[in-house]
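Undergrad: So the chains spell out like this:
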Amino acid sequence: MIEVKNLHKSFGSLEVLKGIDLTIPKQQVVCLIGSSGSGKSTLLRCLNLLEEPTSGDVIIEGKKINEPKANINEIRQTVGMVFQQFNLFPHKTVLENITLGLLKLKKVSKQEAEKKAIELLKKVGLEEKANAYPKSLSGGQQQRVAIARALAMNPHVMLFDEPTSALDPEMVGEVLQVMKDLAKEGMTMIIVTHEMGFAREVADRVLFLEKGVIIEDGAPKDVFEQPKHERTRAFLNKVL
Amino acid sequence: MNFIQSLSEVFHDSFSLLLKGAGKTFELAFLSLLVATGLGLFFGMLRISTNKFLRFIAHAYLSIIRGTPLYVQLVFSYFVLLPAIFGQSIDPFTAGALALSLNAGAYLVEIFRGGIESIDKGQMEAGRAIGFTHFQTMRYIILPQAVKRMIPSFVNQFIITLKDTSLLSTIGIMELMYSGQTIYSVNFKTLEVLTIVALMYWAIVTLLTIVANWIERRMAQS
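Chains as they are written, first to last, in this note's numbering: chain A, 1 to 240; chain B, 1 to 222.
With a straight-line Cα cutoff of 25 Å, these simulated SDA-like cross-link-like pairs (lysine to any residue) come out:
{"#": "1", "chain 1": "A", "residue 1": "Lys104", "chain 2": "A", "residue 2": "Glu127"}
{"#": "2", "chain 1": "B", "residue 1": "Lys24", "chain 2": "B", "residue 2": "Val75"}
{"#": "3", "chain 1": "A", "residue 1": "Lys92", "chain 2": "B", "residue 2": "Lys148"}
{"#": "4", "chain 1": "A", "residue 1": "Lys92", "chain 2": "B", "residue 2": "Arg139"}
To list a few chain B residues with every Cβ distance to chain A over 10 Å, as calculated:
{"#": "5", "residue": "Asn2"}
{"#": "6", "residue": "His12"}
{"#": "7", "residue": "Lys189"}
{"#": "8", "residue": "Arg217"}
Partial list, computed: chain B residues near chain A (C-beta under 8 Å):
{"#": "9", "residue": "Glu125"}
{"#": "10", "residue": "Gly131"}
{"#": "11", "residue": "Tyr140"}
{"#": "12", "residue": "Ile141"}
Hints in this document: simulated from the structure, not taken from any laboratory. As the structure is a computational prediction, the values presented were derived from the model and not from experiment. The beta carbon of each residue, even a glycine, is placed where N, CA and C say it ideally should be.
Given only the sequences and the hints, what does the whole structure look like? Please build it.
TA: Structure representation (structure tokens):
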């Protein structure tokens, strides 16, 4: 359902992605790993055009999204995203954070939007925080709300950009648990992460990026235990 | 006769006239700032646009207004700009309000820009990622946060504009300053009249500051 063809991305004279080809079928859980600067976040951000590719195609559900006539705002409603820094809206309550898109974009009634929001809050275990403001929540709680906010739009795929990197160690688990549940439900997920344990346990597929190129692509077991490249081995030795 | 005594006499004789002038002053400042807010928001958006030409337009507006004295702008508005648009001279009130609006608008551009740019970039990204357009994200997510931060600068501009209305006496608008001038040109008690005029400006500004602080506290709670 997601196809990436010969994707290149440069920032000025710096080429960050150097020809990525990738097909991700429905319901697959993919972890992107690699050292910082390898281009994994940029690749993820190209999938919902938060970064505009320099060349190549990004095709989601059969539609090429990086062309002028594509309605990117509509496509983004089907692609949820969770950020490293949560990026909740601080002037809105937890409930309002989740309902905003439903009310203004999907035009559902307030009652219906709130019902859906409460359902999602139950799912991430934060029902009692509906009327709290983001600043009164812990990092782990904020990230769970951010996941609920993205899920509210009924996305077909979820992108996670280092969702646990800004969290205190004791809060990482609660966020990963929500993601595990989501994976179990069959959500298509693409996750940039440094959590190797999570990648090994939950991912169907692990991609290792190095200098803008995918150099490993396989089941977690294969990538972690029998990496093809010396570079992958060196990286894994450092992080495992 | 000492100054205090003279002051109280002048106060007694001319307060009602000055109060009328103060009303005009407030009306001018309020109206101008309302228009200026629209101008500031509009040109502020152009200023942070990714389009070079739009940015240039905002820059030109800012450069002309900030680089020239309000007095010159006022004279141009009254004798050149409005007659050129309408083919005849327009009443001084409109000309004055226009000049003040254009002037305050230029300063508000920078206040809007600063406020918007102070909001974390992640907010725009989060809005866009949900599927909001740039404009919708501005409206529902960025501006509500930015406006809160802009209130102190906004109040400051209101105070400046309020006092700048005194310049409109030069084109014969009966605002507070011109009312004062009219009175002391008759009774020659320049110092007394100007003291009262100054106190009245001070009272209006102080009152406004109190109201603004109250609004700011209310908004900080929400």
